[in-house]
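Starting from two chains that each stand alone, build the complex the way the hints lay out.
Residue numbers (the working numbering), protein chains in the order written: chain A, 869 to 950; chain B, 4 to 411.
Bear in mind the hints are in silico, worked out from the structure with no lab data behind them. Be aware that a few hints might be false.
Over the 12 Å line for every Cβ pair with chain B, so calculated as not near, a few chain A residues [to be verified]:
1) T876
2) K877
3) G904
4) L913
5) E918
6) S919
7) K926
8) H945
9) R946
Within a straight-line C-alpha distance of at most 30 Å, the following computed DSSO-like cross-link-like pairs (lysine-lysine) qualify [unchecked claim]:
10) K926/A / K127/B
11) K156/B / K127/B
12) K62/B / K219/B
13) K156/B / K900/A
14) K900/A / K126/B
All C-beta atoms, glycine included, are put in the ideal place defined by N, C-alpha and C.
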Amino acid sequence: MQNDEIITKINSLLINEIEIDADQISPEADLKRDLGIDSLDFVDLFVIIESNFGFKMKAEEMAGVKTLEDFYNYIIHRVNPN
Amino acid sequence: MNNRVVITGMGIYSVIGKNLEEVCDSLQKGRSGIILDQSRKEMGFRSGLTGMVDRPQLKGVLDRRMRVGMPVQGEYAYLATLEALKVANLDQDYLDRNEVGILYGNDSSAVPVVESVDILREKKDSMMIGSGYIFQSMNSTVSMNLSVIFRLKGINFTISGACASGSHALGIGYLLIKQGLQEMIICGGAQEINPEATASFDALNAFSVRESEPQKASRPFDRDRDGLVPSGGAATLILESLESATRRGATILGEVIGYGFSSNGEHISLPNVDGPRRAMAKAILDAGIPAGEIDYVNAHATSTPAGDGNEAKAIDLLFGEYKTPVSSTKSMTGHEMWMGGASEVVYSMLMMRNDFIAPNINFENPDDSTRCLNIIRETKPAIINTFLSNSFGFGGTNSALVVKKFQL
Numbered sequence: 869m870q871n872d873e874i875i876t877k878i879n880s881l882l883i884n885e886i887e888i889d890a891d892q893i894s895p896e897a898d899l900k901r902d903l904g905i906d907s908l909d910f911v912d913l914f915v916i917i918e919s920n921f922g923f924k925m926k927a928e929e930m931a932g933v934k935t936l937e938d939f940y941n942y943i944i945h946r947v948n949p950n
Numbered sequence: 004m005n006n007r008v009v010i011t012g013m014g015i016y017s018v019i020g021k022n023l024e025e026v027c028d029s030l031q032k033g034r035s036g037i038i039l040d041q042s043r044k045e046m047g048f049r050s051g052l053t054g055m056v057d058r059p060q061l062k063g064v065l066d067r068r069m070r071v072g073m074p075v076q077g078e079y080a081y082l083a084t085l086e087a088l089k090v091a092n093l094d095q096d097y098l099d100r101n102e103v104g105i106l107y108g109n110d111s112s113a114v115p116v117v118e119s120v121d122i123l124r125e126k127k128d129s130m131m132i133g134s135g136y137i138f139q140s141m142n143s144t145v146s147m148n149l150s151v152i153f154r155l156k157g158i159n160f161t162i163s164g165a166c167a168s169g170s171h172a173l174g175i176g177y178l179l180i181k182q183g184l185q186e187m188i189i190c191g192g193a194q195e196i197n198p199e200a201t202a203s204f205d206a207l208n209a210f211s212v213r214e215s216e217p218q219k220a221s222r223p224f225d226r227d228r229d230g231l232v233p234s235g236g237a238a239t240l241i242l243e244s245l246e247s248a249t250r251r252g253a254t255i256l257g258e259v260i261g262y263g264f265s266s267n268g269e270h271i272s273l274p275n276v277d278g279p280r281r282a283m284a285k286a287i288l289d290a291g292i293p294a295g296e297i298d299y300v301n302a303h304a305t306s307t308p309a310g311d312g313n314e315a316k317a318i319d320l321l322f323g324e325y326k327t328p329v330s331s332t333k334s335m336t337g338h339e340m341w342m343g344g345a346s347e348v349v350y351s352m353l354m355m356r357n358d359f360i361a362p363n364i365n366f367e368n369p370d371d372s373t374r375c376l377n378i379i380r381e382t383k384p385a386i387i388n389t390f391l392s393n394s395f396g397f398g399g400t401n402s403a404l405v406v407k408k409f410q411l
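One chain only, chain B, in its complex shape (with noise of 0.2 Å):
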């Protein structure tokens, strides 16, 4: 079987914005979701840069037992999701009546972990934990809280590919679909944002220290680019069949053409050339397109030295002789990290239903090896018609969608 992947929602609950609209203001006017978080410095972080986001209040929107299991990036995604399906049209009579799936890219849940130990040491006994923790400080808290509030019957797990995550999501996803073995699908990627999740990240000395300019802190492909900035939310897509889309009347927001992915073998942490283009080149390959028909590169690029280089030398590998377009959202909404995968796949379909590209903020010189592409500084207006997602992870884990203006 060879069925169509179409997206008919999304929803996203970012640091660039708590909704679709708010969003794609932000991606127009290129403004950053980036703060320095002074409680950081006092515990001893090297860089108190983050991401920011309010905490979502649930309290008299879901019931106790719906929230007592839940962390903060699973209520981020709770509410992403509570979105994308109202975009998509779908009401829990429909999560009732078919078998719908989730696949949710998450790879931690640090406070849970941290809070029900501390708890066992202060009072030597694991019956004053209470019953919370344990189903939020599984990675699978996502899918798992979802699926349940949600009434969920189709399949149900969570993919950990690092920063990956969200776009491995969707691949699986899509494969799923185009198989015909799920009609519909529920997927994303969530990212926590607390100093537990990102401290031993800090640690390697991967996190810019501008401190003194926030905003300009991620800067990817940027000449003096420092290091990352931590971010977190979620992000969800609705992924169905185009024959259930068509049945139920459904508005198509994009189709999903291609999916890529590939490892490097080498370092758990160095990313290298290789990998990304060969991720590149099976999207692609999937796709059936050539390189140049694609309009937009949305690329990984995370504002650390060694990895932007890798990716812009792997993008010009592809996409040289088209000079095509590439930026960086993590400018804008720093490091997402599990959520990424999904959420820079929303980031793109917004520019590509509202014709612009949006900025890659901060990018004021190139080096050598950013040199090659044609990186996009302020919002440009443009017709996309495809475009190309990019996410890379620890691990040396890669991904790489390929997504389309729907046609019949």
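Just chain A, with the same shape it has in the complex (with noise of 0.2 Å):
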């Protein structure tokens, strides 16, 4: 998957499952201070990337996730390790 694919779906997945407003979608954005992501929202991303991408997030590697650019990285990274 390319990562401009990751990202349209990343997108898609944070506006449609966790109900994000589209408007708020931007690298910069900060999960939880600007997209109002919780720790209860995060469990349920876990799910959300696992039924989409086939791959399972480890709590320890998001320490250091902050931005949604962070993240849309995170999800390249697991998806296209080289």
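Given below as structure tokens:
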């Protein structure tokens, strides 16, 4: 999967599954402060990512993920490790 | 302290109507909400009969976080509570500025338990269960969710008393307000409708198998009754002190004047006569009125051979000399279980406010135990000033409430 396809898919999942307003989506948006993703939403993101990308996120790997761009990069790295 | 406790709001989401107006119309017309659910037969149910109502669609009404932890009975309860708050003329600003509590009857939440364990078994990883199931699966799910949605700051818990849960919730709410410990409490009862919740109940041979005539299957007190029909929904009543209602200029719909409770101390599922009799007698004593002043008894009667017969004997012991009118609205709704104690107060309130007694449909012939009662077969115009509502449950828990038209 190409990187831009991954980003488009993540955005779609955030809008449709986590119900984040589309106009709030931007790479620099802080996941917690700007998008309002709380600890319970992260639990649901684990499930959503597994069912859509086929891998399980690890909580310890998420420690440095603050912005949406961080999140894109994390998913891209897991989908395309090379 | 001995506060008077009044009802200033009520709301309902039921198999005979999704709001007070629809339900009142059904009660007046003797309309049944019972269907045959073929999917239950395919699953292996002995009886596929059930009450049925559409699942509420709350997307766009409540945000995702509020929806994701709420099971179906919580959705019913949310809509019933919205209606009750509207009737009581209470807005979010009032709830934010005052200590309002919630006591809701609920005694199961089967689907989220089943689904979350199914996910675990399939995925072998609890992280794949997601965030919502824990809040959906606890018995306290309704009070938990509604207290957050409405930002309530008073007492907050669930009453689990089997099929008397909703009635006990009202009774305990009444006692707390009477004693001055709370000014206002959102009380009610909720019951999920799904095969997961009722399969093990079906296993007891307790459900009617009159599947050829679903709307004639629930026939409380009738000679040919052959079991109950499971059902569900939610009902909410706003209880508050008279002082609080007067202060905010609320319209008072009725007054709770008596609550009686008891335990049979015998069998886990077989009802008896003495436990219900004692609950009713205590409610009447608490109300401080003679039994003859009660104009209508809304019976618990679920359409089981043993339960209806014993309740008939208990009612006869207290009301026999007055030939007090009796009906079981479960003849139309089926057995709303955890919800029934609250919904049947709403049904009786609608009768009291609209001057009629709803019929005990399908009552065609009495048997030896039910012959003694004055059972209302067809809708009857009647002035009800005071009614008594019975609710009994597994384990022998009994509750009776007495409600009166409000007079200063």
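The hints, checked one at a time:
| no. | hint | result |
| --- | --- | --- |
| 1 | T876 | holds (21 Å) |
| 2 | K877 | holds (19 Å) |
| 3 | G904 | violated (9 Å) |
| 4 | L913 | violated (10 Å) |
| 5 | E918 | violated (6 Å) |
| 6 | S919 | violated (8 Å) |
| 7 | K926 | violated (10 Å) |
| 8 | H945 | holds (20 Å) |
| 9 | R946 | holds (15 Å) |
| 10 | K926/A / K127/B | holds (16 Å) |
| 11 | K156/B / K127/B | violated (39 Å) |
| 12 | K62/B / K219/B | violated (36 Å) |
| 13 | K156/B / K900/A | holds (27 Å) |
| 14 | K900/A / K126/B | holds (28 Å) |
Checked against the numbered hints given earlier, this structure breaks hints 3, 4, 5, 6, 7, 11 and 12; the rest are met.
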